[in-house]
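Chains as they are written, first to last, in numbering that gives the first Met the number 0: chain F, 0 to 228; chain S, 0 to 413.
Because the hints were derived from the structure by calculation, they are not lab data. It is possible that some hints are incorrect.
Computed list of lysine-lysine pairs in DSS-like fashion (alpha-carbon distance at most 30 Å, straight line) [as the list claims (entries may be wrong)]: (1) F:Lys11 / S:Lys400; (2) S:Lys400 / F:Lys20; (3) S:Lys66 / S:Lys240; (4) S:Lys8 / S:Lys400; (5) F:Lys139 / S:Lys8; (6) F:Lys226 / F:Lys11; (7) S:Lys66 / S:Lys50; (8) F:Lys118 / S:Lys8; (9) F:Lys119 / F:Lys131; (10) F:Lys119 / S:Lys8; (11) F:Lys131 / S:Lys8; (12) S:Lys240 / S:Lys217; (13) F:Lys221 / F:Lys11.
Remember, predicted model here, so these are calculated numbers, not experimental data.
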Amino acid sequence: MRDELISARGVKRFYDSGELKVAALDGVDLSIERGAYVVLAGRSGSGKTTLLNMLGGLDRPDAGSLSIAGQDMLAMTVAERAGFRLHHLGFVFQAYNLIRVLNARENVAYVLQLQGMDKKQRFELADQWLAKVGLSGFEKRRPDQMSGGQQQRVAVARALAAGPDLVLADEPTANLDSHTGESLMALMRQLNDEKSTTFVIASHDPAVIASARTLITMQDGKVESVKNL
Amino acid sequence: MGNLAIYLKLGWRNLWLHPLRTMLTAAALGVGIAALTFLSAMDDGWMQQIKTNFAMTVTGHIQIHAKGFEDSRNLSQRIEHPDKVIAAISRVDGIRGIATRVRASGLASSAGSNAGAQIYGVQPELEQQMSRLSGFVAAGTWLPDHDVHAAVVGDGLADRLGIGLGDKLVVMAAVPGGDIASEVFRVRGLIHSGVMEVDNLIVIVPLPTAQHWLGLGKAITDIVIRADSFDQVNELAVALKMSLSALGCGSFEVLRWYDIDPMAQQWADFADAYTWIVLLIVIIVVLAEVLNTMLMSMHERVREFGLMGALGVMPAQIFAMVVWETVILVLIGGAAGFALGGGLSLWYGEHGIDLSQFAIAFSFMYMDPIVHPLLQADSGLRILAAALFGAMIAGLIPAWKASRLQPAHALREL
Chain F
0 MRDELISARG VKRFYDSGEL KVAALDGVDL SIERGAYVVL AGRSGSGKTT LLNMLGGLDR
60 PDAGSLSIAG QDMLAMTVAE RAGFRLHHLG FVFQAYNLIR VLNARENVAY VLQLQGMDKK
120 QRFELADQWL AKVGLSGFEK RRPDQMSGGQ QQRVAVARAL AAGPDLVLAD EPTANLDSHT
180 GESLMALMRQ LNDEKSTTFV IASHDPAVIA SARTLITMQD GKVESVKNL
Chain S
0 MGNLAIYLKL GWRNLWLHPL RTMLTAAALG VGIAALTFLS AMDDGWMQQI KTNFAMTVTG
60 HIQIHAKGFE DSRNLSQRIE HPDKVIAAIS RVDGIRGIAT RVRASGLASS AGSNAGAQIY
120 GVQPELEQQM SRLSGFVAAG TWLPDHDVHA AVVGDGLADR LGIGLGDKLV VMAAVPGGDI
180 ASEVFRVRGL IHSGVMEVDN LIVIVPLPTA QHWLGLGKAI TDIVIRADSF DQVNELAVAL
240 KMSLSALGCG SFEVLRWYDI DPMAQQWADF ADAYTWIVLL IVIIVVLAEV LNTMLMSMHE
300 RVREFGLMGA LGVMPAQIFA MVVWETVILV LIGGAAGFAL GGGLSLWYGE HGIDLSQFAI
360 AFSFMYMDPI VHPLLQADSG LRILAAALFG AMIAGLIPAW KASRLQPAHA LREL
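Sequences are here, hints too, so could you generate the full structure?
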C-alpha cells in the first residue's frame, strides 16, 4: 500500500524582481512516499532550493496545496510551522549548519532539548548519533575546530537524532571535497536504508545525483521529470 | 522558562565570541553605573545629613502644636494642658522622647545694640535628650539648674549684640493679649551649630521663666517628639493624630519635620527628583552602550538565527534569547560598576569627603562640610532595576528584529 509523505499540487511561488514577478515555482505537482531517497536536480535557478524551502515550511507557496505527513502546510501559523519543523523535519544546509558557540554534542542535543528531552538522555542520544556518523571523540569540539565534512556529519546527526519524518538537505556537498562529499552521501544512504527516514536532497553535484533512488529534475520552476532508479 | 538554561548558555557564549567588544561595552557600562552609584550614595548621604541635622538640631521628628500656631506664631494659639496631651500620646509606640517648649519671636537687646531673636523656653535636661543644642555649646555651659535667668545664645547673635559670657541680655516679645513683655537674662553659654539660622537667632531660656514672663501659666507652644527612626515618622504621625482625636481635642496640628520647614520639604522633593534623574541617566547609559553592541551582534548572526528558526525554534524563543543575552551583558557591566561605585561609596562613607571650603553655603542647608556617602540597599536596587530596564529596552529592538527574520531569507544572508 502506498504511504504518501509529501503531496504538492500546483504549488507556485513568485518573487518580485523590480516591476516584474518571477515565478520561482510555477505549478509544481509532486508526490513522495515515506522512506524515499530523492534527489532534486537541476541548474541554478531551476527552483530546487525554493521547493525545498516550501517542503521545510521555511517559506509559503503563493498558490496550490502542500501537505506533509498529512499536515496542511498552508493552514499553519508561523509558530505552528516552527513546531512542525521541530518535531517532524531535519535539515542539512550547504554551510553554516551549526551554532558556533555550541560543541558537537550540544549542537546535536539542542533540538532534543527544545523537544523537552532531559539532559542525560539527550547527551547519550547525541553521542550515539555522533558515533553513527563517525565522530566519536569529537563530542566537545566546536564548529571552528572541525573540518567542513565533519561539520556536515554533525548536521546529519542532529537532523536524524530528533527522529524526523523527513530530512531535507540543500547542496550538502557544495563546500566539500569530492572524497568527503561521497563519504557524506554514502552515510545518508546508509541511514536511509537502516532507519527508513525519508531524504529529499537538492543538488547539482553529479555524485549526489548518482546516489539518488528517485531523481526529480527541475527546470524553470517546474518538475521536468521523475525517475525511479 | 523551560529553556532558560539554553538561553543563558547561548547568551553567555555568544558574548564571548567577541571578548574585546564585550569587555569594552561592559567596562563603559561599569564606569557609568559606578559613577551613578557613587552620585546616588552622595545624594543619600547629603539627605541623611540634612534630615538628621534639621530634625536633631532643633525641630525633632514631629511637633504637636495648637492648631494654626506654626503659621501664626501667635502665643494665643497654645496648648493649655500639656500634661493631658502627653498622657494621651505617651501610649503610642515608636516614641523615643518627648519634650515641651515655648517658642516665640522677639527682640534681643544689649547695652549697645538689638536684633531679632527666636526665643526657646526649654526643659534643660529633657532638651539634652531631644536635640543637639546642648552639644553645640562652644563657650560657657548649657542652661544650669536653678538659674532661672540663665540664657544660652547663638554665637552669631552674641556677636551682633556685642555681648559675651556673663553679660546681661534683655529680651522682648508679644504676650497673648498683644502687650509687649520683657525679661532680663544673663548669658551663661554660647552655641555654635554651623547652621546660620540657629547661630544668628537663637536665645534659649528655662521653660518656667519663659512661661511666667510671657504670661502663659502652664501652657506651652510645642510638644517635640523624637521617633526611633526617620522611617517611622509617617506612621508615628498618623498614630499621634489618632491618639489626639481619641482625647476629644480637634484643635491640634501634628507636623512632621519636613512639614515645619518648606525648605526641608523642598530638599526632600529635590532628592526624589534627583533620584529619578539618576535612574533616567542609568537607563540612557545602558541604552547607548548596549543597543549598538547588540545590533552589531544581531547583524553578524542573521544566518544563525535563520538556522535556529529552521530547526524549529519559535520566534518568541529567539526573542527571549536575545533579551537574555542583553541582560547578561548588563549584569556583567552593572555588577562591576556597582562593585566599584559601592566600594568607593563605602570607603568615602567611612572616611568622608572634605568640602570645608564650601562650609558657609552648606550651613544654609543643614549640611556638614564633611560629606559621608551613604550606600543604601534600596538606592542600589533602584539603580540595578533601572539598568535591567534599560537592558530590556536595549534588547527589544535587536530581539524583535531577530525574531522577525524569515528563516529562508536569513539563511541566504552572507
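Problem set entry | Violating hint indices (sorted, rising) | none
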